[in-house]
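Visitor: Below are the chains, spelled out letter by letter.
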Amino acid sequence: MITKYIIIPLLCLQLPAYAQLKITNVSKLPLPKSQTWSNVQAADAKSAFFTTSDYQGIWRYVFSTKSLKQITNSPRSGYGFAVSPDGKSIAFRRTLNEARGRVQEVVLRNLSTGAEQILSRGENLSTPSFAGTKVVYANEAKVQNLAAVTEPVLLGIEDTKIVLLENGVKRLLDPLAKAGTPSSYIWPQLSPDGKLIVVTEMSLGAFVCDLKGNIISRLGRRNCAVWTRDGKWLVYMKDVDDGHNITGSDLFSISSDGKKSAQLTRSTDKIELYPFCSPVEDKIFCNTLDGDILVMTYAEVGR
Amino acid sequence: MRSMASGFRVQVRMLALAIFILPMFVSFGQTLNGVKFCIDPGHGGNNPANDRRIELDPGNVFWESEGNFQKALRLDTLLRAQGAWVILTRYTNSYPNDDEPTLTQRWQLANANNVNWFHSIHSNAFNGSTNYTLVLLKENISTRQPAFPQALTMSNIISPKIKAILRTPGNPQVALDYTFYGGPNGGFNLGVLNGLAMPGELSEGSFHDVLSEYRKLQNRAYNKMESYALRNSFMQYWTVPADTQGIVAGFQTEFGTGRALNYSRVVLLPGNRVYTGDQFNNGFFMFDQLVPGQYQVRFETPGYTTDSASFTMTSGATVFIDKQFESFAAPTVVSSVPVNGDTIFSAERSIVLQFSKTMDTASVRRGFSITPNAAGRLLWANSNSTLTFDPDAVLPFFVHYTVKVDTQARSGGGQQIDGDGNGVPGDPYFLRFKTRDVDVVPPQIVASYPSAGVQLASPTSVLNVTFDELLNAGTVTVTNVVIQKIGGSLLTRTLEYWPLGTRSGINVYLASPLEAGASYRMRVSGVTDVVGNPIPNSSPIIWEFSVAPQSVEYTTIDRLDTSVAHWLPPSSNPSTIGVGISTFQLTTTRVVPPVPENAGSAQLTYSWNTGASAWLLRAQAVSGLPRNVRFRKADNILQTYVHGNGSRNQFRFAVEDSLGYEVSKWYSLDWIGWRLVEWDLERDTLGSWTGNGQLDGELRFDSFQLRYVLGTSASSGQLNFDQLQVARRVITSVGEEKTIPGEFSLGQNYPNPFNPTTTIKFTIPVGTGHAPSVLKVYDVLGKEVATLVNEVKPPGEYQVQFDASRLSSGVYLYRLESGAMRLAKRMVLMR
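Residue numbers (the working numbering), protein chains in the order written: chain A, 1 to 303; chain B, 304 to 1134.
Just so you know, the hints here were simulated from the structure itself, not pulled from any lab data. Where hints are given, some of them may not hold.
Here are the computed lysine-lysine pairs in the DSBU-like style, where the Cα-Cα straight-line distance is at most 35 Å [as the list claims (entries may be wrong)]:
no.: 1; chain 1: B; residue 1: Lys1064; chain 2: A; residue 2: Lys33
no.: 2; chain 1: A; residue 1: Lys28; chain 2: B; residue 2: Lys1064
no.: 3; chain 1: A; residue 1: Lys66; chain 2: B; residue 2: Lys1086
no.: 4; chain 1: A; residue 1: Lys178; chain 2: A; residue 2: Lys69
no.: 5; chain 1: B; residue 1: Lys1086; chain 2: A; residue 2: Lys46
no.: 6; chain 1: A; residue 1: Lys69; chain 2: A; residue 2: Lys33
no.: 7; chain 1: A; residue 1: Lys22; chain 2: A; residue 2: Lys161
no.: 8; chain 1: A; residue 1: Lys33; chain 2: B; residue 2: Lys1086
no.: 9; chain 1: A; residue 1: Lys66; chain 2: A; residue 2: Lys238
no.: 10; chain 1: A; residue 1: Lys88; chain 2: A; residue 2: Lys142
no.: 11; chain 1: A; residue 1: Lys283; chain 2: B; residue 2: Lys1086
no.: 12; chain 1: B; residue 1: Lys1086; chain 2: A; residue 2: Lys69
no.: 13; chain 1: A; residue 1: Lys283; chain 2: A; residue 2: Lys238
no.: 14; chain 1: B; residue 1: Lys1096; chain 2: A; residue 2: Lys283
no.: 15; chain 1: B; residue 1: Lys1086; chain 2: A; residue 2: Lys28
no.: 16; chain 1: B; residue 1: Lys1128; chain 2: B; residue 2: Lys1096
no.: 17; chain 1: B; residue 1: Lys1128; chain 2: A; residue 2: Lys66
no.: 18; chain 1: A; residue 1: Lys33; chain 2: B; residue 2: Lys1079
no.: 19; chain 1: A; residue 1: Lys238; chain 2: B; residue 2: Lys1086
no.: 20; chain 1: A; residue 1: Lys22; chain 2: A; residue 2: Lys33
no.: 21; chain 1: B; residue 1: Lys1128; chain 2: A; residue 2: Lys28
no.: 22; chain 1: B; residue 1: Lys1079; chain 2: A; residue 2: Lys66
no.: 23; chain 1: A; residue 1: Lys238; chain 2: A; residue 2: Lys260
no.: 24; chain 1: A; residue 1: Lys283; chain 2: A; residue 2: Lys69
no.: 25; chain 1: A; residue 1: Lys66; chain 2: A; residue 2: Lys232
no.: 26; chain 1: A; residue 1: Lys66; chain 2: A; residue 2: Lys33
no.: 27; chain 1: B; residue 1: Lys1079; chain 2: A; residue 2: Lys69
no.: 28; chain 1: B; residue 1: Lys1086; chain 2: A; residue 2: Lys22
no.: 29; chain 1: A; residue 1: Lys238; chain 2: B; residue 2: Lys1096
no.: 30; chain 1: B; residue 1: Lys1128; chain 2: A; residue 2: Lys33
no.: 31; chain 1: A; residue 1: Lys22; chain 2: B; residue 2: Lys1128
no.: 32; chain 1: A; residue 1: Lys88; chain 2: A; residue 2: Lys283
no.: 33; chain 1: B; residue 1: Lys1079; chain 2: A; residue 2: Lys28
no.: 34; chain 1: A; residue 1: Lys170; chain 2: A; residue 2: Lys212
no.: 35; chain 1: A; residue 1: Lys22; chain 2: A; residue 2: Lys69
Work the whole structure out from these sequences, hints included.
Guide: Quick look at the structure:
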């Protein structure tokens, strides 16, 4: 069971005249206060995987038993890890020496046995992704297991551009390329059907494009936008700061065409950050600035 | 022989090649090859919500983001020249739609590109005088250790390097962010470092709210110096051999006045490289990329004496050459005491002339005269630019005087005086004034709080009396300043005397607040001015006032005790107009004594641009607790203590309602010292600003506002604000010996937020029988953390103290139960 979370306002009170997302329940994972929990990056109906604010390890929380287990304490492994489609393995990148002569490793770990396999070591490794059971990653921009990629895979960002793997080919996408102005992309995510990408350009905001980089819709300032599991909506955070400190953030949703949006949270005492949509349930995970993990159930209303 | 010759030629060619290539490798080698940096120019877009605007020289606006951006661009170039891979979080400072990168975007860019290092460039602000180099790094709040130990190593390299190259006066510092910002008492991780997956730090190179630094930071060469310091730090960290090329730099100022030279011209020899200074009053010059050797700089700024300096440049050194120059401009008198034409000059005062530059004292002495003749001494100060004539005796009353500085007066550099200041030297200076008669008038009360006949909306324990002149502090005694409850006894009190310029105020601090529904009489007598004129005991000044019958409960909006981080500096607020300088910062040296646990107050320092056509200063709360307290107009009074300065500037409150912004009436700042300023939201007439003139729906505090009134207000001043709160009238019967409540109630805790103790009031009405009254505290998860009451209580009013010393910061609920009745409220523990 998840502890009932009683402070965050739960409901949007006014129903709209058109379809939009609405939060119907909010809970907080009963995690120890010894860590500042952050960034849920994988989840299924049974568990969620997340890290801490400085990415020192990966933890798994099992809903049914309310148990929390540290998967690895590898340094900086919490940034950009991936769980295999069959749920049996996790791949992550760790950084063993952050000082002069950085050493990074891509590691594949069996979630049942804990057995680890170091797949690569180098100074500049990408975060890993899965293509089926194969781990794909790049070492100094050279992609490993590229031949195993049949369905589209996003391999993060390389030299500020989007790395798309498709049919054994690597392509760098720069959809908003303009002569003389460097484009810098962050937060890329592939839609559930693998046909669209949502990504943010530092100056120009978020947008949706196809796999060739053709712009489908411009969304403006929508940080950390992620797809809902049906691919109809994007959930994002609207964070504000005073230049030094994050002073507020709520979650919002917007249709992928950018035409319908709704505010999902309206809390005054919590700062919700980094949404992650469950691929198997109508749930959104996020963390708060002060280190809680929230789980929200959503529904589409007004249809 | 042939083979030997051939071999020799090969060796010569290789040697020649080596001689050619080696210096190129040393000079242009890819020494940070493979190292990836993300450089963050802090802030951006001149957006007052998250940028810092400062205008210490009227009309010359500096945004912190611009200085940060210039430094980052040059650092980018310098690092790339060393072979590094560099990305900036922004490549422009133009964001017309205020869509500059958020803090989360900045570190995400670093993470997404898997850089080795992140660095955020900033400048700092505090109180307008503090200036040092500070480097902050992320702290693990659980362990209280650096989140990235390598960042501490780097920070310890960066901080002294920036200090050395900028010559910031204070000791260079390195700090963990959470601890630096208060640790358990409100500390936080810097947002731009909070999500980094690699080491990084944030440098505050210097303080842009210090006038001289504000001027320097507008110089691009000066900013480049900091870029060099950062590059050199990174090179040292990665054990890259230090740059062999050096820098010569310095400041050029005017002899005597210390004013910085604008549009300066400096020539470097050999090479005839020319540096042209800017118009920002910094006097800075700099030449970089100097290989070791002998050099000379020649200073050739038009209008000033020329000079030169030779120096030896050693490998990678920074040579500083600061110079002073004599202006060719003729000296003038730029100000005087008294002002020319004064007809009420106090006869006992000295005469002061402020020259535009350093003077030759002997020639001025020869040229100085006062008519009618008066004996006295000529005293010099400020590098012989300030002359004081100190008469041996009080000047006669009602006499017209003329002070003359004749044409033999010369500047230190020999320029003849320009008496009328028209740019043409050779004419005498005249100052004409008239002395006034002796002071025989006792001090007059010009403002009091409470004033005669008023009914205070809420009880207070801080009273104020303001006088038209300075007092003899020895006569400010509790014997001479008396307050008595009508029909009752004298109130226990302490006094505090506030001299300010030519006027003064007295604060009366009561040991206990005034009582709701009571009337009081105040009496002042025996107080004298500085020459002994008393308010006679035979004719004391007496007035009466009363307090409204309702008691009140308080909700704190901002204690203004430990931080003003949630407040936007007035200089950064787009509503601020007609303001010269303004700072809004915390001080611990001036507080309202009766406020419990009071540790500080917010101090507003300001000056007005009197040549402007409109004036408004807005000190706005933009985030955090000050914005989280919500209230309605019914029964509520918005209050804050204001330490007035008698400036006759005007003050008002602003709140945000459901439709916009509404304001109180203007309050003239005619008092000196503390007083409670109140806006009765239900009963007072509203002022006019951007709103519709009505308080609609739920309210939040917005801002303190100040304005200048042409011809009435002072052009500068300093105010303090303390304990911003809402007082809510509660319905109680006053005047009975004991109230038997008919209603089950649970009051809002006070103070709230609190640390670590707070008081909770509740009432148990008639009719609860023998049911126990239970008051418990719960955390947000519903877990009980304290039981404050658990017993049968007879009907009555109660209060209990809650000590949360062992609890962490956060929101807590407290619930009162008695029989079938149940009430709950929430409170905030803020450490």
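Visitor: A separate judgement is required for each hint: does it hold in the structure or not?
Guide: Structure-based check of all given hints:
1. B/Lys1064 to A/Lys33: holds, 31 Å
2. A/Lys28 to B/Lys1064: holds, 32 Å
3. A/Lys66 to B/Lys1086: holds, 17 Å
4. A/Lys178 to A/Lys69: violated, 47 Å
5. B/Lys1086 to A/Lys46: Cα-Cα ~26 Å, so holds.
6. A/Lys69 to A/Lys33: holds, 15 Å
7. A/Lys22 to A/Lys161: holds, 34 Å
8. A/Lys33 to B/Lys1086: holds, 14 Å
9. A/Lys66 to A/Lys238: holds, 30 Å
10. A/Lys88 to A/Lys142: Holds, at roughly 26 Å.
11. A/Lys283 to B/Lys1086: holds, 26 Å
12. B/Lys1086 to A/Lys69: At roughly 24 Å apart (the allowed maximum being 35 Å), A/Lys69 and B/Lys1086 satisfy the hint.
13. A/Lys283 to A/Lys238: holds, 19 Å
14. B/Lys1096 to A/Lys283: The given pair, whose Cα atoms are some 48 Å apart, is violated under the 35 Å limit.
15. B/Lys1086 to A/Lys28: Answer holds: B/Lys1086 to A/Lys28 is near 14 Å, not above 35 Å.
16. B/Lys1128 to B/Lys1096: Given that 35 Å is the threshold and the Cα spacing comes to 20 Å, the pair holds.
17. B/Lys1128 to A/Lys66: holds, 30 Å
18. A/Lys33 to B/Lys1079: With Cα atoms ~23 Å apart, A/Lys33 and B/Lys1079 stay inside 35 Å; holds.
19. A/Lys238 to B/Lys1086: holds, 31 Å
20. A/Lys22 to A/Lys33: holds, 29 Å
21. B/Lys1128 to A/Lys28: Holds, because 21 Å separates the two Cα atoms, which is no more than 35 Å.
22. B/Lys1079 to A/Lys66: holds, 28 Å
23. A/Lys238 to A/Lys260: holds, 16 Å
24. A/Lys283 to A/Lys69: holds, 21 Å
25. A/Lys66 to A/Lys232: holds, 31 Å
26. A/Lys66 to A/Lys33: Holds - the C-alpha atoms of A/Lys33 and A/Lys66 are around 15 Å apart, at most 35 Å.
27. B/Lys1079 to A/Lys69: Given that 35 Å is the threshold and the Cα spacing comes to 34 Å, the pair holds.
28. B/Lys1086 to A/Lys22: holds, 29 Å
29. A/Lys238 to B/Lys1096: Violated - the C-alpha atoms of B/Lys1096 and A/Lys238 are around 49 Å apart, more than 35 Å.
30. B/Lys1128 to A/Lys33: holds, 24 Å
31. A/Lys22 to B/Lys1128: holds, 28 Å
32. A/Lys88 to A/Lys283: holds, 22 Å
33. B/Lys1079 to A/Lys28: holds, 23 Å
34. A/Lys170 to A/Lys212: Given that 35 Å is the threshold and the Cα spacing comes to 12 Å, the pair holds.
35. A/Lys22 to A/Lys69: holds, 31 Å
Of the numbered hints stated above, those contradicted by the structure are hints 4, 14, 29, listed in ascending order.
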